[in-house]
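> Sequence:
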Amino acid sequence: MAQNTLNFTKAALESLPPADPGKRVDYHDSRISGLILQVTGNGNKTFYFYRRINKKPKRYHLGKFPDLTLAEARRQAETLKGRIASGDNVMRERTDIEASAVTLAQAYAQFGAARKSLKPKTRYLYDRFMAVAFLDWQKLPIAELTKNMVSQRHTDLTANHGPASADGAMRFLRSLYNFASAVYEDEKGNSLLPVNPVQRLSQARAWHKPKRRTTWISPDQMPAWFEAVATLRSEPTGSTASEVGDYLLVVLLTGLRKSEAANLDWSNINLADRTLTVPDTKNGRDHTLPLSDYLYDLLAQRKRMLLHTRYVFPNRGRNGPLVEPRNPMRRVTEQSGVEFTLHDLRRTFTTIAERLDIPHYALKRLINHAQVDDVTAGYVMGDIERLRKPMQQITDFMLSAGAVRAKAEIIHLTKTEQG
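Count the sequence shown with my numbering and you get residues 3 to 421, in order.
Simulated from the structure, these hints should not be mistaken for lab results. Using N, Cα and C, we set each Cβ at its ideal position, and we do this for glycine too. Be aware that one or more of the hints could be misleading.
Said to hold, decoys possible - Restricting the straight-line Cα-Cα distance to at most 27 angstroms, the calculated cross-link-like pairs of lysine-lysine (DSS-like) are:
id, residue 1, residue 2
1, LYS149, LYS284
2, LYS366, LYS123
3, LYS66, LYS149
4, LYS83, LYS57
5, LYS123, LYS305
6, LYS118, LYS66
7, LYS66, LYS12
8, LYS284, LYS121
9, LYS123, LYS141
10, LYS83, LYS60
11, LYS121, LYS391
12, LYS66, LYS47
13, LYS305, LYS118
14, LYS149, LYS211
15, LYS141, LYS121
16, LYS118, LYS141
17, LYS211, LYS141
Unchecked claim - Estimated spans, in silico, between C-beta atoms of each pair:
id, residue 1, residue 2, range
18, ASP299, THR148, 50 to 58 angstroms
19, GLN5, LYS66, 17 to 25 angstroms
20, PRO225, ASP158, 53 to 61 angstroms
21, ALA206, THR81, 42 to 50 angstroms
22, THR343, LYS121, 33 to 41 angstroms
23, ALA107, GLY339, 27 to 35 angstroms
24, GLU326, ALA405, 50 to 58 angstroms
25, GLU16, GLN140, 52 to 60 angstroms
26, ALA206, ARG320, 16 to 24 angstroms
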């Protein structure tokens with residue numbers, strides 16, 4: 003006789019104690035062969051039906067007790083016994099049912115647990131997609147997502163959040179669905195989920211084609227742009243506008259990518275050495291830059307104001323990094339008349355550096371484009387102090403052009419040079 007065998011009654015099952023913490027105990031019904039009640043450490047009780055099929059043990063989930071009554075559990079067990087005896091592939095059917103019930107939120111939880119190597123900023127981005135782009139789909143079974151639903155959501159996201167965000171959300175959904183398709187397979191390795199509905203975007207050629215921009219903020223536009231940014235910075239400390247004002251200046255005066263600047267935390271800032279470091283950048287290397295005098299003052303002031311925050315530029319809730327600040331940027335454009343993107347600020351840094359005749363390898367190092375096998379670049383990379391003078395030159399020029407500091411020689415570019 004199997005261990006822990008007893009005559010199942012409602013009273014007997016209700017009186018079963020929880021298992022030891024972290025353990026599970028199986029109780030076997032003495033009346034219906036194969037009917038099991040499993041009890042967990044927190045007292046949850048679940049009916050299962052157990053059989054060996056083709057010499058392999060199979061366990062079928064029936065339901066939780068007492069939501070599933072003892073009488074119904076016995077009836078289901080008897081039915082399964084008969085169907086298995088007649089050769090029905092009950093396991094496949096029940097696995098199909100379980101897979102079809104998995105919600106988008108449940109699939110994402112499994113996805114997150116399996117992708118342990120995800121960078122924090124990538125995990126944060128995925129969390130944002132779930133909370134914003136797919137909030138109303140979280141409780142929906144992932145198998146019920148259709149191509150039409152995906153197509154319409156892509157259109158809506160494009161209208162409300164822009165083409166880049168819409169495509170990013172759908173690339174994430176495609177990856178999540180592919181993961182779920184691989185997890186939920188039958189015994190032959192065939193997915194139990196329908197075809198990935200995000201395929202519709204490729205079939206309809208609905209993905210947005212990124213347009214390569216060549217725009218930048220020219221020296222004659224800088225006074226109006228800096229004045230508009232100063233308006234943001236004049237708002238109360240801690241407001242979104244003042245946060246974004248400082249953020250825009252850091253992106254412009256460092257040439258960092260928008261995500262690199264947004265995800266800076268105070269462990270990346272060394273005020274004693276007057277450097278900042280972006281860890282594990284796009285090209286796989288840490289990227290360390292010297293701080294110009296203006297950047298040092300700006301960051302030192304922020305450090306004094308933000309004593310208890312992890313991020314240099316925190317979001318409104320102070321629990322994560324700043325996300326792309328569309329509204330404050332729109333205000334800068336409306337006040338200054340200068341249309342720009344965050345990548346335009348990086349492009350401006352590069353363009354000004356080139357026109358100041360910053361040495362080629364120093365420029366590549368400043369914007370983190372130096373190649374691993376480039377010997378001369380490696381020499382520059384190893385000496386941060388060699389970059390301090392060109393970094394200061396770039397800051398001085400832009401602040402002078404923007405009428406923030408005493409006048410510097412303005413570099414006038416032809417339309418061809420401006421790209």
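> Does each hint fit the structure? Answer for all of them.
Cross-check of the supplied hints:
1. LYS149 x LYS284: 32 angstroms, violated
2. LYS366 x LYS123: Holds, because 25 angstroms separates the two Cα atoms, which is no more than 27 angstroms.
3. LYS66 x LYS149: 34 angstroms, violated
4. LYS83 x LYS57: 16 angstroms, holds
5. LYS123 x LYS305: Roughly 22 angstroms separates the two Cα atoms, so the pair holds.
6. LYS118 x LYS66: Judged against 27 angstroms, a Cα distance of about 31 angstroms means the pair is violated.
7. LYS66 x LYS12: 13 angstroms, holds
8. LYS284 x LYS121: Holds, at roughly 12 angstroms.
9. LYS123 x LYS141: 25 angstroms, holds
10. LYS83 x LYS60: Holds, because 12 angstroms separates the two Cα atoms, which is no more than 27 angstroms.
11. LYS121 x LYS391: 33 angstroms, violated
12. LYS66 x LYS47: Status holds; Cα separation ~6 angstroms.
13. LYS305 x LYS118: At roughly 31 angstroms apart (the allowed maximum being 27 angstroms), LYS118 and LYS305 break the hint.
14. LYS149 x LYS211: 20 angstroms, holds
15. LYS141 x LYS121: 26 angstroms, holds
16. LYS118 x LYS141: With Cα atoms ~24 angstroms apart, LYS118 and LYS141 stay inside 27 angstroms; holds.
17. LYS211 x LYS141: 32 angstroms, violated
18. ASP299 x THR148: 50 to 58 angstroms: The hinted range 50 to 58 angstroms holds for ASP299 and THR148, with Cβ atoms some 55 angstroms apart.
19. GLN5 x LYS66: 17 to 25 angstroms: 22 angstroms, holds
20. PRO225 x ASP158: 53 to 61 angstroms: This hint is violated: roughly 39 angstroms between Cβ atoms.
21. ALA206 x THR81: 42 to 50 angstroms: 45 angstroms, holds
22. THR343 x LYS121: 33 to 41 angstroms: At roughly 23 angstroms between Cβ atoms, LYS121 and THR343 fall outside 33 to 41 angstroms, so the hint is violated.
23. ALA107 x GLY339: 27 to 35 angstroms: With a Cβ separation near 45 angstroms, ALA107 and GLY339 fall outside 27 to 35 angstroms, so the hint is violated.
24. GLU326 x ALA405: 50 to 58 angstroms: At 27 angstroms between Cβs, range violated.
25. GLU16 x GLN140: 52 to 60 angstroms: 34 angstroms, violated
26. ALA206 x ARG320: 16 to 24 angstroms: Violated: the Cβ-Cβ distance is about 41 angstroms, outside 16 to 24 angstroms.
Going through the hint list in order, the structure does not satisfy hints 1, 3, 6, 11, 13, 17, 20, 22, 23, 24, 25, 26.
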